[in-house]
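**Student:** Place chain V on chain U using the hints.
Chains as they are written, first to last, in the numbering used here: chain U, 12 to 499; chain V, 2 to 432.
Hints in this document: simulated from the structure, not taken from any laboratory. Keep in mind it's a predicted model, so treat the numbers as computed, not measured. Backbone N, C-alpha and C define an ideal beta-carbon position, used for all residues, glycine too. Misleading hints may appear alongside valid ones.
Said to hold, decoys possible - Covered stretches of chain U (in silico footprint by chain V; criterion: 3 or more residues with CB under 8 Å from a CB of chain V, positions within the stretch not fixed):
(1) 116 to 123
(2) 240 to 252
(3) 293 to 301
Stated by the list, open to error - Chain U is faced by these chain V residues, among others (derived, beta-carbon under 8 Å):
(4) R6
(5) T7
(6) P10
(7) D100
(8) G142
(9) D156
(10) G406
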Amino acid sequence: MTMTIIEGLVPRLREICGAGNVITDPLELRTYECDGLTSHRSVPALAVLPGTAEETAAVVASCAAAGVPFVARGSGTGLSGGALPREDGVLIVMSRMRAIIEIDPASRRAIIEPGVTNLSVSKAAAPFGLFYAPDPSSQVVCSVGGNVAENSGGAHCLKHGFTVHHVTGLQIVTPAGELTWLGDGTGVTTGYDLLGAFTGSEGTLGIVTKIIVKLMPLPEVVHTLLAAYATTSEGGQAVSDIIGAGIVPAAIEMMDALSIEAAEAAVQCNYPAGAGAVLIVELDGPASEVEAELATVRSLCEKAGATEIRAADDPAQRAVIWAGRKSAFAAVGRISPSFIVQDGVVPRTSLGTVLARIAALSAESGIRVANVFHAGDGNLHPLVLYDDAVPGQEAAAEEVSGAILDACLEQGGSITGEHGVGVDKSRYMPKMFGADDLDTMQLVRCAFDPASLCNPGKVFPTPRLCGEVPGHRRAPHPAVAAGQAEIF
Amino acid sequence: MSTERTVAPAAGAALAAACPALREGSGPDAIAGVRPAFVASPASTDEASALLRAAAGHGLTVVPRGAGTGLGWGTPPASCDLVVDMSLMDGILEHAAGDLVARIQAGASIGKVASVLATAGQQLALDVPPDATVGGVVATGTAGPRRFRYGAPRDLLIGITVVRADGVVARSGGKVVKNVAGYDLGKLFSGSQGTLGLITEATFRLHPLPASVAWVTGEFGPSDLAGVTSAVASAAGSALVPSAVELEWTGGPRSPAGPRVGVLLEGSRAGVPERARQMAELLASAGATPTTAVSEVLFRWWQPVPEAGAPGTVVRISYWVRELGEVLDALSTAAAGAGVLPTVGGPAGAGMVYARLDPGTEPDSATRFVCGLRDRLDGARGSVVVLAAPPPVMAAAGAYGPVPGAALMRAIKDQFDPDHRMAPGRLTGGS
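With the rest of the complex left out, here is chain U (with noise of 0.2 Å):
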């Protein structure tokens, strides 16, 4: 019944957004059954590509209408299924949107389309010697709609800040299909902060069809340091005593043994043979403050154990530091048939603690667990490695993966850094917050989406019922009365 609801559809789809931007072809649908989580599959009743604001605002007042849930997607490279599509409903494909509208290099903004990758914000902004801070290792396919989505972060957000830092206003287009500003480029809130606490709600508050970002001038140097250790204790111990300085580095990085064998199996990093683990520090900023720093870092570094430290300050030394950590993900996939991507955190000073704790659980279950993770904020990225052909070794996987996240619940941590809740982890949401925790935070939900239709089945495990909420305002402010303010 529903799908003739949604067959229904078609025709006002097409007539908005024109025939060629709706997909109706099984076939063609299947290109979209999954993002970059692809243990989670769902094929679209449709998929629809709209090329403006308007577009998609319509889509999204057809579909309110008719009762079908939508869900947006970007590029399609989120981690925790937060795209993953409805066989009950409509995906909204962003990817058309991908104009950058505007850029002020004296106010230090971009206007931009959802669909336009991070780093072309960057590469559009670098002749005015501005760039975009945050840099999720996807960045170079990944969407910008999709970043505000997720509040991604990436290497750099130890001291520049995640996405949220970073857009200072949101066109979006409401669940019921209304075309909305939330903040106004400034920077400066006003009222409630609705652009706040809609980065990072993971599409299901609405979806974004413009953004304003801030810009930030170049830096006007970086410096890059690896170092190696012949453990990562030795490793995080050169962390703490870094931070402990009162050095606030751009990036924090370290790999384990493990990660840098796949590394150096996919990318030949020629990262120093033997080490336990590497360390990549990036400093940046004005020279007369990094050349500083460098110095007290590499001291740090060599008091910590180093047993060889390569620097670079130019950018394609730079590029070779980090190949090794930009491909470890992709890498592993050299050293083990499958992976899961974990995503946890813990208050930096338990980093050993939990390190200790993923070394035990892999011990005991005979699952290899490759770790990389930004030590600067204690985000763990550990890649659980099993072989999909060996019966029980995915189950057992995913028992360790998850007792993963207890371990960085236990230590005061969350159970994702900068993927998100998506489908992947509304199970453990429960584990991380109490039933009223939960049950507040859907008060924004059922606020913005009282239908329930936008991006339904993600993030929340059970989802609030919206009731209407009876008007209880008593004697109306004078001005509200003379219809000249509202109060709130």
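**Tutor:** What follows is chain V alone, placed relative to chain U:
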């Protein structure tokens, strides 16, 4: 704007049962002239929860209070049966120095927090009055000059505990800086002025205290608004990484003295002097004379904010930095048109300046000034918000002009506080 409401004796008994530190409201408890029937001082989140549950049971209106430094802001509450005073919840619950994180009760003062964090060479990077409380600062969204680099409270807040209007306790975020699990209620409560619920605890990301600081200042001629705009934009966009880019125009647009631009540099003892020298050159090349580098704290922007009870008018103008010249020109025109003498200043590089009118300003003139600004800047990207003003000015001008997303804001209010009992009328907005 309401007169005092009568609260049933049974309500008082219920409140006292929930929260032993309960007393009747007196004159000094009045918020913008509205005197509460009761003042309760909960000692814990649990007690605050019981208190708000009791208040909900009796339909009481509630206004949270920190140190009261920001209570003169906003419109007066339409009604206030109960003030929730947070002074007993003033603990620093956790300072994880190695993680650069602190978990703090809402009633703790910024000054106390600063002194505790300083022992580890760390800071909560918000320039706000030391008397203000953590909860008050979050609820008002207040930040000073260094918002240019570190942002507002919403940008440093990584976890929050709140008590809803119905007494339910809710948390979001956590105590790790990097965390995207669940909706971020901290963002929503930042700047919500007590209208969505009571903040009882906040967890912040901290920063190391800099080893060295310097302010570099440059003065401009009174008519050189283009020079000021260029200096602010260049400083803000420079790779010298300023922590603050402030504008100070003490006499305002109608004074013969020109504006002054001040840039704060923070960093190492080795690095700051060289950056200060380069910044002085940059300001000079935009037409500033003379430039100086000093290390003392300048631009204590909060001092001119009027006391609650005898408020002058404080207007906040936000804009895209490229439009600063247009904003300053609009201030001149509106001041001349209204015959007022505003003092202008604020974190101009972060797209914000304040204009202040003396408490002695005629209400009609203050209203004309605000309306003149709005007329002139209408259609520009930004807003003109009246943060504080005598009631007649607030009533005539309204705190806000049009606010994007106002319909969604109303929906949020209706969800969190369906009876509109939390700080009713404190946040007003256009359609």
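**Student:** Evaluate each hint against the coordinates.
**Tutor:** Quick rundown of the hints versus the structure:
By the rule of at least three residues with a Cβ nearer than 8 Å to a Cβ of chain V, the coverage given for the stretch 116 to 123 of chain U holds, with 5 such residues. Chain V is given as covering the stretch 240 to 252 of chain U, and this is violated because 1 residues of the stretch bring a CB closer than 8 Å to a CB of that chain, at least three being needed. Proximity of the stretch 293 to 301 of chain U to chain V, defined as three or more residues with a beta carbon under 8 Å from a beta carbon of that chain, is established by the 4 residues found. Here the hint on R6/V is broken, as its CB sits about 10 Å from the closest CB of chain U, past 8 Å.
Nearest Cβ of chain U to the Cβ of T7/V: about 14 Å, over the 8 Å cut. The hint is violated. At a threshold of 8 Å, the smallest CB-CB gap from P10/V to chain U is about 21 Å, leaving the interface hint violated. Satisfaction of the interface hint for D100/V is found here, the shortest Cβ-Cβ separation to chain U being roughly 4 Å, below the 8 Å cut-off. With 8 Å as the threshold, the beta carbon of G142/V comes within range of chain U, its nearest partner Cβ sitting at about 6 Å, so the hint holds.
A hinted interface residue such as D156/V counts as satisfied when its beta carbon comes closer than 8 Å to some beta carbon of chain U; here the least separation is about 6 Å, so the hint holds. Look at G406/V: its Cβ gets to within about 5 Å of chain U, closer than 8 Å, so that hint holds up.
Against the hints set out earlier in the document, violations occur for numbers 2, 4, 5 and 6.
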